[in-house]
Amino acid sequence: MSKQFKPKILTFLCNWCAYAAADSAGVSRLQYPPTTRVIRTMCSARVDPVFVVKGLKSGFDSVFVGG
Amino acid sequence: MLDVGRHPNIELLAYSEVEKVEGQAVDFKVTVRRKARYVEEDKCTGCGACAEKCPTAVPDAFNEGLGTRKAIYNYFAQGIPSTHTIDADYCRQLNGKKCGICEKTCQADAINFDQEDRIIQLDVGAIIVAAGYDVFDPSLIPEYRYKEISNVVTAIEFERFLSASGPTGGHLDRPSDRAVQAEIAGLEKRVNKSQRALEKFEKKYEEGSGEFYKKYEAGQYKDDEDYKKWADKYAGHPAIVETLSTLKRKVETFTVAKRLAFIQCVGSRDFRFYPFCSGYCCMHSIKEAIIANEHEPETQSTIFGMDIRAVGKGFEEYKVRGGNKSGISYMRGRVAEITEGPDNNPVVTYENTHERKVESQEFDMVILATACAPTKGIFELAKILGIELNKYNFVKTSPQSPVDSTVPGIFVCGCAGSPMDVPESVAQASSAAERAAEMVFQSQSEKEKAVA
Amino acid sequence: MEIVEQLLDISGIGRNRMQLRWVSSAEGPLFADYITQFSDQTKELGPFDLKKFMLPLAAVERTLMSSRIRWLIGITRELTDFENVYHEKLEEEDYKRLLQQATEEEYHKAMIVEVLREGPLSVKEMAEKIRLPVYTISLRLNELERHGQAGLSGYDGGTPKFIGLAA
Amino acid sequence: MPDMKDEDIRIGVFICHCGSNIAGYLDMEELSEYAEKLPHVTFVQRNLYSCSEAGISEIKKGIMEHDLNRVIVASCTPRTHEPLFRSSCAEAGLNPYLFEMVNIRDQCSWVHMKEREDGTDKAKDQIRMGVAKAALLEPQEPIMSDVQIRALVIGGGISGMTAALSLANRGYEVVLVEKEKNLGGMLNQIYKLAPTMTDASALAEEKIRAVTGHPNITLFTGSKVNAAQGFIGKYQIDIETESGIKKIDFGVILIATGASVYTPEGLYGYDGQRIITQLEMERLLKKGLDQGIKNIVMIQCVGSRNEDRPYCSRICCQTAVKNAMLIKNQIPEAKISILYRDMQMYGVENEELFRDSKAKGIRYINYDSVQPPEVESDKVRVYHALLGREMLLPADLVVLSTPLIAHEDAVEISQLLRISIDENGFFLEGHVKLRPLDFATDGIFLCGSAHYPANIREAVAQGLGAASRASIPLSQGSVVVEPIISVLANEDACIACGLCVALCPYGALEIQKTEKGEKVHVIDVACKGCGCCAAACPQKALDITHFRDRQIFAVIEAGGAEAQ
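Chains as they are written, first to last, in our numbering: chain A, 1 to 67; chain B, 1 to 452; chain C, 1 to 167; chain D, 1 to 564.
Each hint should be verified, as a subset may be incorrect.
[Said to hold, decoys possible] Derived CB-CB ranges, DEER-like:
| # | chain 1 | residue 1 | chain 2 | residue 2 | range |
| --- | --- | --- | --- | --- | --- |
| 1 | B | N9 | C | R15 | 48 to 54 Å |
| 2 | C | Y135 | A | Q31 | 28 to 34 Å |
| 3 | B | E380 | C | W22 | 24 to 30 Å |
| 4 | D | P310 | C | R146 | 38 to 44 Å |
[Claimed, not checked] Taking beta-carbon pairs under 10 Å as the criterion, some of the chain B residues facing chain D (in silico):
| # | residue |
| --- | --- |
| 5 | R6 |
| 6 | S82 |
| 7 | T85 |
| 8 | D87 |
| 9 | A108 |
| 10 | F276 |
| 11 | T302 |
| 12 | M306 |
| 13 | K313 |
| 14 | R356 |
| 15 | F394 |
| 16 | V403 |
| 17 | S418 |
| 18 | A429 |
[Claimed, not checked] Straight-line distance between alpha carbons at most 25 Å, and here's what the computed SDA-like set of lysine to any residue pairs gives:
| # | chain 1 | residue 1 | chain 2 | residue 2 |
| --- | --- | --- | --- | --- |
| 19 | D | K540 | A | A45 |
| 20 | D | K234 | D | Q512 |
| 21 | D | K60 | B | H7 |
These are computed hints drawn from the structure, not numbers from a lab.
Since we're looking at a predicted model, the values are computed, not measured.
Beta carbons: idealized from backbone N, C-alpha and C, even for Gly.
Just need the whole structure built from these sequences, with the hints factored in.
So, in structure tokens, the structure goes:
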């Protein structure tokens, strides 16, 4: 089958909130598309706006920041 | 919870009960019974593989019996300790039937069916009672018809409905609707079963059920037992399909509960049960109403209470904001009765004290803010510890020393002492810890003086 | 983060290439929904064409690194929450407008610097390349000159040519 | 261990099966083969349960036998087992911060159960990103800072005294600073205390005698704190006492400054004679009431639950009912009516007091805030919301229940110690439910009405609780901080603009003079490593250890690159 476009999403998750939410989604086995590539940060404030640009420059199709 | 589980100075004895206490302040001898869980605590990693494979479904107490769990279970998803437990009343293996699936599945071979209760002796300097409370059972109030009307639920059940890890994943499906859906599930099973039975017959006799039935009616296979069964099966089949489709059409009309009624002081401020005010139920109802509104923006809630006691820090502002933004209206009055109107909608009859009129209103769901009742086990625990209870069966304390029980060296915090909300319980926990530390410190300095 | 969204918009990359969401640790299902939605949305957008957006992306990065923008983000609270000595406070909307305007200006300046890296250009050529009116280009250009980030490189038959200078 | 030069980085990757939780949904073979090919990876191993005793010993064995100086465990969420794996690395002689976890269970196998191929690709990318970061990890030592074993309690009311006494009883040295001439705070002005009607001044004397007599407590009355420096464990405080300024070092600070009663100027014709506050009522009760007073009207929520003070001050209802009962004791045939919006008699004791007051004939009249009562020369006009008609109540005395408001000097203390106050001026606690007695900044604790109006039972309980919280750092003698903190990576770039200092929610940054001029200085003990200073710094001078910019850039590039 033609290589169906699989997006790659750079995902910043704050350790205390969004990362914990992702874990609890895992514990209850909620399915979601395997398109995210996660970077855990201590807090979403750590995500410098420049990181978003770096992500797009390095081959990601979009960037998600979870606070 | 995680910190408690991992803290080096805390020995966590879960699934255990205090049986006997001897000695007095500073050196108590405590006998503890560690109830058998049939799982080796040090081997089990809490991975949950056994729970998935276990065939026995059991009503889930954590979800107030609304959902189900397995015979081998962890009380809730991320419970600490993560060691699983086998429920001896429901487990087939422990009740003589052959099973042992969990033992086969467990790669850490932590399952041990002949584990016994273990008795442990503890030497402690101080004891802190944090036994909490029980939820008042509203079926004791006949006029609220809690058991008869399915859409009347307690606050704790409503909390489980709203919770993302609860039985309905956070959607406010009405209990009456869920009963219909359960019925549909049962019917679907029966339809498939009878479908398969018909196909078996058709394969056996290489004939479509339709033609066979016409011939059968024409009296061709009168006396043959097998054919009779086939015919009855075929005749009964459309009836099930029919009820199934009517129920399915009815389900389309179901929506999430949108009109909510919260009835305060259920069991509290009531001479028949608990004349005191439980302190947290007003705020709990306001929080529930706001979350319900977040889940479903069209939700409108009415909170019926004599006083809406929003007394903590930021509580009054929270109550006002709830009123303005989350569709909550506060009705001053005590609800007299709940009856069941059309389509399982509970009808609430009350006196609107500002208008001095008796009114009644229909709702999709009614939530009873139940009282903070003393735990069932408090009487026995009090006897074991030798501490006095006040006339409401909470541990007796005094305003000047709010966390000391009547026995020196034994302290109390949280709802076991008196009904209170989370911030106060957390604060009181530190107070009880402080008093205990003071007691232990004084004893050490006395011992040193005695030695020196 | 709204600045990044605004920049992605004006650079043509599109603001839906990025999303910020607040999720509490108990909201597992909510997190799963957000990821599913954003993943489908990204799928519809198709792969991010790095070559096509190389230039504007570099300009976005330069804008985000410019001290003017970083300063404005940094002192948001100072301007909007606390009063200054004259007890004046900037209203939320005024601050947003000021920030948007500054971001746009900085972005245009960054585009000019990036475009000039390929070689000297006249104002008209720059205007065509960046698809901005000549008037805006010359405004931003003299700001760049004032900060020594751009300068006259020579004349090509009467029309002045400019090149970027290392600030 | 050799110094970490770029060439000899030796990374070990341990991929966990977690029984079938991971192995059941991802291709483990493919993962381990892929990991072996990644740069700097010298050892890859798969085990059934990495977190079990067997798994841990496998990791330790791997580190020692293959002389690994970086370890990656690809298994579940770091939020549960990272400390366990870090301590195992330390036991094997490897610095615990040369370790990185990759989540291939909760955020991969469990959530992509039906997409085995894509899930495996995702796991490969995440492992590649982990390896990229591991290569740039630096050893860190946990930051220890010793704690001065001495506690400062600001405020000598019931709450402050209880806290000071409790800490002193545990053998700690306590300094109690009270701005008034004598201890006792609000207690001195109160007549009797509900619900047991104990005498307030008797309780106050008992506590004051205990405080003044306690060897561990140094008492400064008529004094206040006018300068404060430092952080948890090392506070340098200047106390302005009657006999000059005293500079003392402290490990922890407790705020028990209480609150003051709002004087309702211009409300209901308040004049302090015939129309008084509940506190003034207490004084009258103490003196003994003039028997001529027959009719008393009390009005609740005077100056509270409105726009200026939207909060309910919690204790005025119970004070009003208590005072009404005391009036009845002194003048049995007095007619007392309490005009209320909501009778906030929460809890067991208050509800009982409320019932007993009704039995004693105290009348309660509900009024709507839209139609408040009007006080006239000798009577009070009120629209009875429940009866729906206006009533005229004769009133020899009108008592206004006013809320507790924050002391004016609360703002001063909050700036001195860099702690925050909420919109009503009360001190803002660390977390409303989980840390009600702490501040966001470690080392400073809070109790009594300084946090929010509290009755005696709550003030005493919170005093004990704050003492317990404060005793934790005191008992450990030192504070251990996870070395994920902000660090001044590029000193020259820093222009001491102070932008980060203003942004830091934990007060962990300050500007200090250095030989290279003024630079930002990180108080490592107070820093939580959230990173908002590093992200906001216009000069990109600050960085966060373990989450350095260059590490994150490397991970982004690794993530973006196509899996070979």
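A quick look at each hint next to the structure:
1. The given range of 48 to 54 Å is respected by B:N9 and C:R15, whose C-beta atoms sit roughly 51 Å from each other.
2. For the hinted restraint 28 to 34 Å between C:Y135 and A:Q31, the CB-CB distance of approximately 54 Å leaves it violated.
3. The hinted window of 24 to 30 Å between B:E380 and C:W22 is violated, with their beta carbons roughly 47 Å apart.
4. Here the CB-CB span from D:P310 to C:R146 is close to 51 Å, at odds with the stated 38 to 44 Å.
5. The interface hint given for B:R6 holds, since its Cβ lies 7 Å from the closest Cβ of chain D, which is under the 10 Å cut-off.
6. A hinted interface residue such as B:S82 counts as satisfied when its beta carbon comes closer than 10 Å to some beta carbon of chain D; here the least separation is about 9 Å, so the hint holds.
7. This hint is violated: B:T85 has a C-beta 19 Å from the nearest C-beta of chain D, more than the 10 Å allowed.
8. The beta carbon of B:D87 is not positioned within 10 Å of any beta carbon in chain D (closest approach about 22 Å), and the interface hint is therefore violated.
9. Hint on B:A108 holds. Least Cβ distance to chain D is approximately 7 Å, under the 10 Å limit.
10. Proximity of B:F276 to chain D holds as hinted, the smallest CB-CB distance being about 4 Å (cut-off 10 Å).
11. With its C-beta approaching chain D no nearer than about 17 Å, B:T302 sits outside the 10 Å limit, and its interface hint is violated.
12. For B:M306, the shortest C-beta to C-beta distance to chain D is roughly 8 Å, which falls under 10 Å, so the interface hint holds.
13. Of the supplied interface hints, the one on B:K313 holds, with its beta-carbon coming within about 4 Å of a beta-carbon of chain D, less than 10 Å.
14. Among the interface hints, the one on B:R356 holds; its C-beta lies about 6 Å from the nearest C-beta in chain D, closer than the 10 Å criterion.
15. Below 10 Å, beta-carbon pairs count as interface contacts, and B:F394 has one with chain D at about 7 Å; its hint therefore holds.
16. A distance limit of 10 Å between C-beta atoms decides the matter here; for B:V403 the minimum to chain D is near 6 Å, and the interface restraint holds.
17. Hint on B:S418 holds. Least Cβ distance to chain D is approximately 5 Å, under the 10 Å limit.
18. Annotation: interface hint on B:A429 holds; nearest CB of chain D at approximately 8 Å, less than 10 Å.
19. Straight-line distance between C-alpha atoms of D:K540 and A:A45 comes to about 14 Å, which keeps the hinted pair within the 25 Å bound.
20. Annotation: proposed proximity of D:K234 to D:Q512 holds, straight-line Cα distance about 17 Å (limit 25 Å).
21. Distance hint between D:K60 and B:H7 is fulfilled; the C-alpha atoms sit about 23 Å from each other, no more than 25 Å.
Of the numbered hints given earlier, the model fails hints 2, 3, 4, 7, 8, 11; all others are met.
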